[in-house]
Amino acid sequence: SDDESATKYPQCYPYGNLSVDDLVQRLAQAGFTDAKVEELSGVFIITLENDSGIIKISEASTHIISGNGKLREKLRDILLECLSSY
Amino acid sequence: LIMKNNKVRIVSVNEAWGELGVTPHQLRFTERVEIEEVGPIPALTSMLHSLLSQKLGASQVQAVNEYQLSVADTVCINIQDIDHTKTVFISWTHQDEALGSKVLNIIKSNYKKS
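Quick note, the sequences are listed as chains Y and C, same order.
-6 is the number of the first residue of the first sequence in the numbering used here; add one for each residue after it.
45 is the number of the first residue of the second sequence in the numbering used here; add one for each residue after it.
Heads up, some of the hints might be wrong.
To be verified - Listed next, the stretches of chain Y that the computed footprint assigns to chain C, with coverage defined by at least 3 CB atoms under 8 Å from CB atoms of chain C: (1) 7 to 15; (2) 45 to 57; (3) 62 to 72.
It should be emphasised that the hints constitute simulated quantities derived from the structure, not laboratory data.
From the three backbone atoms N, C-alpha and C, an ideal C-beta is built for every residue, glycine too.
My request is simple: use the sequences and hints to build the entire structure.
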């Protein structure tokens, strides 16, 4: 279960800039083809209507909002692929 | 672990960011769980408070107000009534993934609407 695989420290520390285009492309590759992107004064909001998930991207932070643990993990992994990390 | 001027030092993650001159990218998650529970929000908040205290230790869980709890000052729990459905929002950052997903699992396994 998630509980057992949980470690005390994060597996990586992400940094750097996130490319919204890159993210949308990777989402599409993972099957999220209904991603709708909106921009409002520098903040990007990606809505995945079929899966009821929202990704809100600001300059140095990203917020993933979902109602489904599996979706969250999938989105997190795609997002981490788009960022540099150590 | 930072190696600089032929010296090796162990510093906190935040200090390391500063010394390396890179900007961390903060990841935050919010999970929405609809739960099957009737009754007023404050009663539900107090039930969740007891449940989490029992599972994680009482010192870990703080009541912020009648509809908000905080776990170890890092995981925020917000209880709302949306269209007559009690909905719990659990929010944490990537750094607190272990605790955040644990709290989510505790709430889901005890209260999730089937």
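Taking a Cβ-to-Cβ distance below 8 Å as contact, does the segment 7 to 15 of chain Y have at least three residues touching chain C? Held - the segment 7 to 15 of chain Y has 5 residues with a Cβ nearer than 8 Å to chain C, which meets the minimum of three.
Taking 8 Å as the Cβ threshold, is the statement that the segment 45 to 57 of chain Y is covered by chain C upheld or broken by the three-residue rule? holds (count 5)
Are three or more residues of the segment 62 to 72 of chain Y within 8 Å, CB to CB, of chain C? The restraint on the segment 62 to 72 of chain Y holds, since 4 of its residues have a Cβ under 8 Å from chain C and three suffice.
Hint check: no violations occur; every hint is consistent with the structure.
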